[in-house]
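When we follow this note's numbering, the leftmost residue of the sequence shown carries the number 2, and every step to the right adds one.
No lab work stands behind these hints, which were simulated from the structure alone. Take the hints with a grain of salt, since some may be wrong.
[Stated by the list, open to error] With a straight-line cut-off of 20 Å between C-alpha atoms, the simulated EDC-like cross-links for lysine to aspartate or glutamate are: (1) K32 / D43; (2) K63 / D75; (3) K98 / E77; (4) K63 / D120.
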Amino acid sequence: MQSEQLNYIPIFMQLLLAVGFVAGTIFASGKLGPKRNSQSKDKNFECGIESVGNARIPFSVKYFVVAILFVLFDVEVIFLYPWAINFRELGIEGMIKMVIFMLLLLVGFFYIIKKKALDWE
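The whole structure should be built from the sequences, with the hints applied where relevant.
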């Protein structure tokens with residue numbers, strides 16, 4: 002093997018270990034341990050609240066909009082970290098690009114506030 006191919010051996014070992022652990026855990030959970038089923042144990046359970054009615058109730062679209070907006074603005078922070086680390090090396094050009102990026106994000110943020118996407122009723 003060439004030295005470049007040898008660099009991939011730890012990755013394949015990690016992959017094999019992870020897949021083996023998952024498969025072993027799934028196999029062990031199905032084969033080991035007692036099998037005592039009862040009406041009480043087979044009921045659906047969610048955070049101590051009794052399940053009532055159908056699980057297919059519709060959710061408000063506002064819930065999903067807020068979740069998507071959270072992810073959007075969370076990803077923005079991911080872009081700020083590398084910029085902050087390399088701030089001095091990027092110079093004035095990097096500063097101008099980041100100001101433009103932040104202004105675009107602020108425009109988007111004020112747009113969603115104007116559209117009342119974050120208001121709960």
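Results for each hint:
{"no.": "1", "hint": "K32 / D43", "verdict": "holds, 18 Å"}
{"no.": "2", "hint": "K63 / D75", "verdict": "holds, 18 Å"}
{"no.": "3", "hint": "K98 / E77", "verdict": "holds, 14 Å"}
{"no.": "4", "hint": "K63 / D120", "verdict": "holds, 9 Å"}
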